[in-house]
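Protein sequences, first through last, are from chains A and B.
Reading the first sequence from the start, the letters are residues 0 to 328 in numbering that gives the first Met the number 0.
Reading the second sequence from the start, the letters are residues 0 to 169 in numbering that gives the first Met the number 0.
In short, the hints are calculated from the structure, not lab data.
As the structure is a computational prediction, the values presented were derived from the model and not from experiment.
The C-beta atom is built at its ideal place from N, Cα and C for all residues, glycine as well.
Where hints are given, some of them may not hold.
Away from chain B, derived, C-beta distances all over 12 Å, residues of chain A [as the list claims (entries may be wrong)]:
#: 1; residue: I13
#: 2; residue: I65
#: 3; residue: D196
#: 4; residue: E270
#: 5; residue: E290
#: 6; residue: G323
Taking beta-carbon pairs under 8 Å as the criterion, some of the chain A residues facing chain B (in silico) [to be verified]:
#: 7; residue: L2
#: 8; residue: P4
#: 9; residue: F5
#: 10; residue: R9
#: 11; residue: T34
#: 12; residue: R54
#: 13; residue: G55
#: 14; residue: P104
#: 15; residue: I105
#: 16; residue: N108
#: 17; residue: M109
#: 18; residue: S231
#: 19; residue: I232
Pulled from the structure, derived: some chain A residues nowhere near chain B, Cβ distances all over 12 Å [to be verified]:
#: 20; residue: G67
#: 21; residue: H68
#: 22; residue: E71
#: 23; residue: C135
#: 24; residue: G136
#: 25; residue: P179
#: 26; residue: R314
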Amino acid sequence: MSLPPFKLLRPRSIEDAAGYLSAHAPDIQIIAGGTDLLPSMKQRLFTPKYLLDIRGIDELRTIRSIPGHGTEIGALVTLSTIEDSEFIRRSYRVLREAVATVASPILRNMGTIGGNICLDTRCLWYNQSLTWRKSCGFCIKKDGDLCHVAPGGKKCWAAFSADSPAALLCLEAELEIAGPAGKRRLPLSEFYTNIGDARMKLANNEMLTRVFLPERMAGYDGVYQKLRLRGSIDYPLAGVAAALKKNAQGIIEDARVAITGVNPAPLLVNEARHALAGKMLNDHAAAVVGELAAKVAKPLTTSLLTPEYRREMIRVFAKRAVLGAGTGV
Amino acid sequence: MKKELIELRVNGRSREVAIEPAKLLLDTLREDLQLTGSKRGCDDSSCGACTVLVDGTPMLSCTMIAASISVDDEGHAPEITTIEGVAEHGAMAAIQKAYGDWGGAQCGYCTPGFIMTVKALLERNPEPSDEDIRHALSGNLCRCTGYTQMYQAIKAAIRAEQQGIAAARR
Chain A
0 MSLPPFKLLR
10 PRSIEDAAGY
20 LSAHAPDIQI
30 IAGGTDLLPS
40 MKQRLFTPKY
50 LLDIRGIDEL
60 RTIRSIPGHG
70 TEIGALVTLS
80 TIEDSEFIRR
90 SYRVLREAVA
100 TVASPILRNM
110 GTIGGNICLD
120 TRCLWYNQSL
130 TWRKSCGFCI
140 KKDGDLCHVA
150 PGGKKCWAAF
160 SADSPAALLC
170 LEAELEIAGP
180 AGKRRLPLSE
190 FYTNIGDARM
200 KLANNEMLTR
210 VFLPERMAGY
220 DGVYQKLRLR
230 GSIDYPLAGV
240 AAALKKNAQG
250 IIEDARVAIT
260 GVNPAPLLVN
270 EARHALAGKM
280 LNDHAAAVVG
290 ELAAKVAKPL
300 TTSLLTPEYR
310 REMIRVFAKR
320 AVLGAGTGV
Chain B
0 MKKELIELRV
10 NGRSREVAIE
20 PAKLLLDTLR
30 EDLQLTGSKR
40 GCDDSSCGAC
50 TVLVDGTPML
60 SCTMIAASIS
70 VDDEGHAPEI
80 TTIEGVAEHG
90 AMAAIQKAYG
100 DWGGAQCGYC
110 TPGFIMTVKA
120 LLERNPEPSD
130 EDIRHALSGN
140 LCRCTGYTQM
150 YQAIKAAIRA
160 EQQGIAAARR
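Given these sequences and hints, build the entire structure.
Right under this line is the structure:
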């Protein structure tokens with residue numbers, strides 16, 4: 000398939016990019032790795048008049064450690080670069096584990112961390128060709144007012160389907176967003192809306208520029224568990240990230256668990272932190288977290304696997320992830 | 000949309016083409032540069048038949064806009080390598096020869112994509128383990144499912160390279 004026509008803009012700086020965004024919003028869309036946007040453009044899910052290709056903004060390509068504060072990752076850093084970074088593996092292991100499961104090695108060479116954070120939500124009834132969608136009746140997320148997943152409903156339930164944000168939530172990441180008024184910072188946990196067709200708080204004249212990982216979260220052990228159809232590629236149909244820190248006696252000092260792939264947003268399992276802190280790690284403690292995670296998961300029929308199975312796998316994976324993160328497996 | 004003149008760096012040469020701004024790299028290679036080795040398989044970025052190297056890194060040409068990687072205002076552009084650029088001085092590269100010797104290609108449709116991925120792997124890691132090879136090739140699909148012969152071909156190519164290096168040192 001070919002792409003719908005557009006005019007390509009190639010800014011060299013954040014300022015130039017912000018200028019283009021202000022001048023052309025809402026008829027403009029940002030492209031970096033293109034692995035999410037281009038397949039959707041082939042399906043005519045997006046037909047922007049302008050494409051803002053930000054790959055030329057070199058300052059967004061680096062991972063930088065800022066002693067006393069943490070680590071800054073530019074939005075254009077590829078998922079492969081994060082996967083191969085010894086520093087990330089050592090300091091923010093849960094991120095490395097999650098990133099290494101995204102799509103396939105070739106797609107990770109192309110896809111960026113910024114793109115993974117901003118990934119469009121996905122649904123069986125949405126990620127289809129124009130002909131397919133037209134035949135079934137256009138849905139709320141694109142061109143219509145029906146919901147095939149929750150008939151009669153007005154809310155879009157398309158599932159947030161990126162892996163790395165679950166890990167980034169565990170690491171209490173913050174985002175830097177550039178817009179017409181300059182830059183703003185926002186905790187990642189406040190970035191998502193949990194609404195499938197308006198997934199994130201990013202105005203159409205703003206762009207995500209950097210991700211910050213706080214130093215206080217460095218050194219946590221981490222595990223990411225993922226359910227997908229094919230082991231070597233595919234979006235998560237359920238994903239769980241766990242990060243925890245133990246003291247010398249084996250007591251859990253602090254822990255975070257987050258889920259993705261099942262709700263319209265990646266979500267922290269808030270109660271998991273209190274359920275684990277101060278406890279010895281064992282099967283029972285991990286099973287409790289499994290139950291808590293399954294309670295947060297609200298999958299609907301947005302994929303080829305049943306909601307019941309995906310929710311059950313969130314429970315199983317949360318238990319395994321916590322046990323894995325606690326034993327360094 | 001009106002065509003625009005862009006300049007690409009392909010297989011060590013500079014190539015000027017007049018194309019629509021929305022043209023995919025895969026279509027530009029095949030239709031405008033007659034480099035038909037790269038194949039359109041799934042067209043939804045999951046099969047790897049269109050794999051090319053961009054500055055030595057495997058990427059999917061069906062999921063890239065040609066103009067995005069054309070020479071920019073400052074004269075910079077990444078180097079694109081396609082299957083047509085793998086042969087060395089008119090002779091087949093070790094991996095191409097090994098694919099022939101070991102039956103690494105069955106119907107052959109996925110082969111150009113696989114060879115590009117293997118080339119990048121061996122340049123980064125000249126002595127990959129079986130696990131490394133399987134991991135690196137996990138984004139390329141072969142519908143004839145002839146993976147075993149491919150692994151044999153890759154190992155033969157590695158041996159041939161090592162013998163070549165040893166012979167050159169003698």
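For this structure, which hints from the list above don't hold up?
-> Structure breaks no hint.
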